[in-house]
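> Read off the chains here:
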Amino acid sequence: MEAWRNLRIGHKLLMGYLTLFIVSTTAGNFFIYLSVGNTIEKNIESELKNSTTTLFNMVSTSVSVAIKNHLRAVAEKNREILRHFYDAYTQGELTEKEAKERASAVLRSQTIGTSGYLYCLNSKGVVTVHPKKGMLGTDVSGFEFVRDQIRGKEGYIEYSWKNPTETDSRPKALYMSYFKPWDWIVSVSSYRNEFRDLIKIEDFRQGVLSLKFGKSGYSYVTDGRGNTVLHPKMEGINIFHREETPSEFFKIMLEKKEGKMIYSWKNPGEPDFRKKMVFYSYMPELDWIVASSSYMDEFYAPLKTMRMIFIITTAIVIILAIPVTLKISASITTRLGELMAHLESSGTSRDFTPRIISSARDEIGKLFFYFNVFMERLERYSASLNQEIAERKDMEKALRGSEERYREAQEMGDTIRRKIGQDLHDDLCPHLIGIQGFCTVLRNNIKTSSPGDAALAERIGALIHEATDKARALSKGLCPTHLVAHGLESALGELCRTVGAFSGKECLLVQNTPLVLDENREMHIYYMIQEAVYNAVKHGNAETIIITLDREADTPVIFVDDDGSGMPDSPDDHGVGLKIMVHRMARANCSVSWETNDPRGTRVRIALLKEG
Amino acid sequence: MSGSTSRILIVEDHPVFRLGMSEMINQEEDLNVCGWAESVLEAWNEISRLDPDLVIADITLKHSDGLELVRELTRQKKRIPALVLSMHPESLYAERAVMAGARGYIMKQEAPVSVVTAIRTVLSGKIYLSDEIKEKLLLGISSSSNHHLSPVERLAPRELEVFTLLGRGMSTREIAAALNLSMKTIGTYRERIKEKLHLRHNNELLKHAMSLNDA
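First to last, the protein sequences are chains A and H. Here the working numbering = 1-based position in the first sequence + 62. Here the working numbering = 1-based position in the second sequence + 2.
Chain H extracted, bound-state conformation (with noise of 0.2 Å):
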């Protein structure tokens, strides 16, 4: 950081888009566009290089997931503050984006009226989420009896061990096989886990079995 001014990293792929919002941010004083990138590799590059105040980052780029970058900026020392900005609809993705480690979250639709609001915000060292995500944050908290483990440590020991497997990439019949169980009873812990950790998808399963597999 350079006296007042705080220099912001943008990791997206679309031009277009890339430089609208660099002018949108630039336009402002104490903003500046110091770099940009258009996958994770590259933007790696350019913090290392830039050392930039702020990351902006898409979740979908060119051949990699904007969501690994925020993870891994959040286990650094340094911190690099991350705002998730992306076309997918915050309902479904907020929450992973901050599970992930970023500190707000905001529809691209939304960004040429509220991005710069969402830098500063963040920049603050505060959270920026719509009212609504927040709201349905704070709820899945509160109603979630269990709510001081996170969703994984709610998992049985069974369960957990398929899920483990599920990373793993193990189809529903290696896993019957590997815990000599029957292929429905493995699909009833799908399910049960699914509940548990608010998964909706079966893909939704998979990547978020793999994802905490590598973690």
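Excised from the complex, chain A in its bound form (with noise of 0.2 Å):
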């Protein structure tokens, strides 16, 4: 089944096309071949038949023509006897009685054939003159032939007739002359098979040889013992007593008396044996049989030819079945060949514009039709869609380069901030400390000769400590010294304190895991928690803030937990901070999530992905 589907589509149709019209053909032609067949086998075994009945009747005519004749001529001769006699009462020679006594003699004195004799009824049924003195006198009119006798009393008829001291009839015949001076139906009955010297052959001999079956069929006639009477070839041989024929079939054949036989058979002067059928018929009363044979080769010649026939049309056609075949695929594979051809080039080089010209209007015509049409939308789509690629690479390009500048930007504000942070530390702190440092000093070399000088010094210098605290409170906001020099959770514990001590809030770090992290990331997360601690107190006025670092199976989480009004519900309102909040998380590849806190406040989570 795969090796067909995988099968080209010219050796499809043509293997398709061969075994159909094979098939078909050959299933036709058997049919047709066996009709035929049976036709010509009906037909010759017909008109075998046929002729087997004619040529029966033929020779049976000729017989009862020969044994007519015979018969009606001894017959007619007697009337003539009995005319005689007659004539001798009549004219007084001699008396009636004995005219019919010498007459009656002469008619008994007679034999027709072996057993055959005369006998005179008269036209009441009753015999006048028999061989058999006890007859005479009898009324045999109840014998149906008899009646026929009276009735017509002049003629010929055949009948069977069984002599009491018979086991069978046997068949008669009679031929009846009336005289009727004296009521006399002289009869003249014989069997008739006691005829047979009668028979003229010469008779029906043309008539039986002319009958032909095919080219060398015929017909023949044969006795019981198996002396050929007529035949064509071998006329007057016995077949029993040719050693180089076979005689089986004779022998079946007078067993069997009626019917058809098929049997080989080879007349003197043919080099082999061949079948032949034979409609054969037995005439009892001459003990011969009728035959008409004819050889099978011959009449089932027309088969053979109508086989050759056959073969020769069957393989004419196939010879031009397949040229024709493949001519036919070819007009379908050869343009699906470059309907195959196209789509592969614009598979590969996605150039969606070959088009195929095609003015045919068959299923592949509107096949390529189809194709143009789909490679036309392809190409819009594919326009369409470069055009698209095209200005949404701009647009990344121009996003990445936004993210960037913006990247750049905060990094920079980042650096500004820390640098400003670093320098408040560094620098400004310092530089006050020492400006408190000559306060002190300007206090204490006033403290005596200006006391309320002194009092303002110090008053002075306890307003720069005071800025000093501002001022390192503002570079932590900043710069998370803490961070760079000690790591997140030292940072966050800084900003808790930094927050209770400015804001007045509670702010608690809660260290359930420790935490490390490159520096970058801890840069980001830091003032993301950062963010979101300023925005608990300041937006969400909450009076306790926890910080926890805790880890979800692998995942390090950092929960900022406040008590305070909560998150604005619309984005919107959310500032600027949590936008940049949201941004960091990226950097510092880290999810974060707001949720309410049960009952009051807000619970910020930043998960932290793991790198890599």
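Don't take every hint at face value.
As a list, the in silico DSSO-like pairs of lysine-lysine whose alpha-carbon atoms are at most 30 Å apart [said to hold, decoys possible]:
#: 1; chain 1: H; residue 1: Lys-80; chain 2: A; residue 2: Lys-532
#: 2; chain 1: A; residue 1: Lys-319; chain 2: A; residue 2: Lys-337
#: 3; chain 1: H; residue 1: Lys-128; chain 2: H; residue 2: Lys-209
#: 4; chain 1: A; residue 1: Lys-567; chain 2: H; residue 2: Lys-136
#: 5; chain 1: H; residue 1: Lys-64; chain 2: A; residue 2: Lys-481
#: 6; chain 1: A; residue 1: Lys-641; chain 2: A; residue 2: Lys-455
#: 7; chain 1: A; residue 1: Lys-322; chain 2: A; residue 2: Lys-111
#: 8; chain 1: A; residue 1: Lys-111; chain 2: A; residue 2: Lys-295
#: 9; chain 1: H; residue 1: Lys-136; chain 2: A; residue 2: Lys-532
#: 10; chain 1: H; residue 1: Lys-209; chain 2: A; residue 2: Lys-481
#: 11; chain 1: A; residue 1: Lys-532; chain 2: A; residue 2: Lys-481
#: 12; chain 1: A; residue 1: Lys-104; chain 2: A; residue 2: Lys-274
#: 13; chain 1: H; residue 1: Lys-186; chain 2: A; residue 2: Lys-672
#: 14; chain 1: A; residue 1: Lys-195; chain 2: A; residue 2: Lys-162
#: 15; chain 1: A; residue 1: Lys-104; chain 2: A; residue 2: Lys-277
#: 16; chain 1: A; residue 1: Lys-318; chain 2: A; residue 2: Lys-274
#: 17; chain 1: H; residue 1: Lys-138; chain 2: A; residue 2: Lys-532
#: 18; chain 1: A; residue 1: Lys-672; chain 2: H; residue 2: Lys-79
#: 19; chain 1: A; residue 1: Lys-337; chain 2: A; residue 2: Lys-366
#: 20; chain 1: H; residue 1: Lys-136; chain 2: H; residue 2: Lys-79
#: 21; chain 1: A; residue 1: Lys-567; chain 2: H; residue 2: Lys-138
#: 22; chain 1: H; residue 1: Lys-136; chain 2: A; residue 2: Lys-672
#: 23; chain 1: A; residue 1: Lys-139; chain 2: A; residue 2: Lys-242
#: 24; chain 1: A; residue 1: Lys-672; chain 2: H; residue 2: Lys-209
#: 25; chain 1: H; residue 1: Lys-186; chain 2: H; residue 2: Lys-196
#: 26; chain 1: H; residue 1: Lys-79; chain 2: H; residue 2: Lys-64
#: 27; chain 1: A; residue 1: Lys-130; chain 2: A; residue 2: Lys-74
#: 28; chain 1: A; residue 1: Lys-215; chain 2: A; residue 2: Lys-195
Quick caveat, the hints were computed from the structure, so don't treat them as lab data.
Two chains, two frames, some hints: make the complex.
In structure tokens form, the structure reads like this:
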């Protein structure tokens, strides 16, 4: 099945067509062959059968005519004899009784054939003359043929007769002639088989031998002992005595008397035995068999011719079908190949401009048309897609540029912030402290001479101290020096202290797990937490803020919980700080989420995703 | 030292702070700021030139670390006492300064009020630290089960090996390859070292390892 699927269309068509053709032709031819064969057989059988019947009738008629003529001649001659004796009576030469007795004696003295005889009946069916004296005066009108005699008085009658001493009835024939003066029906009766010698074979020889069946089929007549009575090739021989021909079939014919048979036969001068079919019939009165035979190879010759015609026709059709099929399949596959080549070319080169020019309106032509429509659409889509891709690339480039600029701006912001923070811490603070030192010196110098000014100087010193603290707090906010120097946890601790100190709120760090991150990540995480804490203090009005470092499965998480007023519902209300926080989220490779705490406040959850 | 006046060298790169402190110290009769320096190198020059009784040093100096100066001063035979004066919170740096050999630690914010007291305490041979830091240091010593050992001595041999290699500037990957161990194992050693040495941060671990290696 797989092999068939992978076969080329041309081969499929060729094989399909040839298989279909061969199967249908063979089946058709087979049935025609059977039908014709059957018809031929029936025809030949019918012909043989009819011919045998005709032959039978011809011979039978010929025999009947011969017997009839013979019996008629005898009957008419004996009527003449009766006339002679009657005339002698009428002329007074004899008495009527004498005339009748003498005539009767003449009639009785004759035999017809071997056992035939003459008898006379009167028109009442009473025997007037008969070889057997006991029969005289017997009324035999009870017999059918006697009634026919009484009715007809003249003519020929054939009938079957069985003597009291015999077991079977035998065919008899009689001819009658009526001698009216005495009311005698002169009947000449004889068994018909006793008249073989009367038959003149020449009367029907021509008729029998002229019958032809096929090329060399013929009719023949044999007698019951195997002698050929009439035969075109070997007349006058005995089949049983001829060694070179089989005789079994003849025994069967004799046994069956009538029917059809197939046997092998070879006539003198013929090289081989050939099968022949024979229809035969038995003529009991002559002990003859008449037969019509035909050679099977001859009457089946049309079948052979037909077979040859079929074979030649099939071969011619196959020879014609192959190029025609190949031509048809090529007209499909070549164009399909063209389509495939276009598709392949378009697939590899992504060039959707090629079109197939075809004026054909068949299915392939339509396929080409659809291909062109499809390619047109693809071309449009491709152009549109390319444009979209280009636009998208431009947009992405612009976005990347924007992000880069934003990142740079943010990093610059971070750097500047750190720088300012660092400067505040490293420069302004010591500067202020130095000034505070001068104040202290001034105060000490004027403590005795000008106590009021000394107090003022002390006051100035205290204010400078306050300024120092503020600058320091500011620097911590701007630059988490702890982060740089001591890491995130320390920086968060410092954040808590600072927030606690300057806002008056409670800010706690709960450390359930250690956190080790690279510096850049720490920075962003720190600022995100700082933003969350500042939001809680500034916008959420929280009283307590708890920063928790924890772990969910393998993921480190940081929670910033507060008890403030919660997050604004609308994203538009989110401040710049939160937006920056979201931006830092990507930079720090973490996820940030907000949720409302129960009963109040906000929980910010920062989950640190795995690096790489 | 001349008479009863103690000569003090200030190593500080911020001029205003330096002046303010100098004025405050010089106001005391028994104290005198004999000179100043802005870097460790300058400091050494001034120390050898002026031979001060006390050095007040900031940790963050121009291109240099004040603790290095302190550490070196401690090593010298003269053993000039050093007082560390820094903007950094003492909670984080005081212990380290003391470990380096400083005799006192004072945050700059507190200087206008307590610098003179600190100087006098140190000059008298005592250590000046806030009560809070003193308590922390004592607690640290008593809570350690093997307090007779230095922090580095508490490390197991393998941990010490890792610590030493870290000090030579090798990365975790390089150490793992050198010791034929996985990077994860080296990571575990690093965490243990940090825990044993009370180091909170990877940078701190590196700094500590490198400084010990230098020593």
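> Quickly compare the C-alpha distance for Lys-567 of chain A and Lys-138 of chain H to 30 Å and report which way the hint goes.
Between Lys-567 of chain A and Lys-138 of chain H the Cα gap is close to 26 Å, so the pair holds against 30 Å.
> Checking one constraint from the list: CA of Lys-672 of chain A to CA of Lys-209 of chain H, max 30 Å. Satisfied?
Roughly 27 Å between the alpha carbons, so the hint for Lys-672 of chain A and Lys-209 of chain H holds.
> Can you confirm whether the C-alpha distance between Lys-128 of chain H and Lys-209 of chain H stays at or below 30 Å?
Holds, at roughly 29 Å.
> When you check the alpha-carbon spacing of Lys-138 of chain H and Lys-532 of chain A, does it fall within 30 Å?
With a Cα-Cα distance of about 27 Å, the restraint between Lys-138 of chain H and Lys-532 of chain A holds, given a limit of 30 Å.
> Given the proposed pairing of Lys-567 of chain A with Lys-136 of chain H, does the C-alpha separation stay at or below 30 Å?
holds (29 Å)
> Compare the distance between the alpha carbons of Lys-195 of chain A and Lys-162 of chain A with 30 Å, and conclude whether the hinted pair is satisfied.
At roughly 15 Å apart (the allowed maximum being 30 Å), Lys-162 of chain A and Lys-195 of chain A satisfy the hint.
> Need the status of pair Lys-209 of chain H, Lys-481 of chain A: alpha-carbon distance at most 30 Å?
holds (23 Å)
> Is Lys-104 of chain A close enough to Lys-274 of chain A, meaning Cα to Cα at most 30 Å?
holds (17 Å)
> Would you mind confirming whether the straight-line C-alpha gap from Lys-186 of chain H to Lys-672 of chain A stays at or under 30 Å?
Roughly 15 Å between the alpha carbons, so the hint for Lys-186 of chain H and Lys-672 of chain A holds.
> Assess, step by step, whether the Cα of Lys-532 of chain A is no farther than 30 Å from the Cα of Lys-481 of chain A, and give holds or violated.
holds (17 Å)
> For Lys-215 of chain A and Lys-195 of chain A, compute the direct alpha-carbon distance and say whether it is at most 30 Å.
holds (23 Å)
> Assess, step by step, whether the Cα of Lys-318 of chain A is no farther than 30 Å from the Cα of Lys-274 of chain A, and give holds or violated.
holds (25 Å)
When each numbered hint is compared with the structure, violations occur for hints 1, 18, 22, 27.
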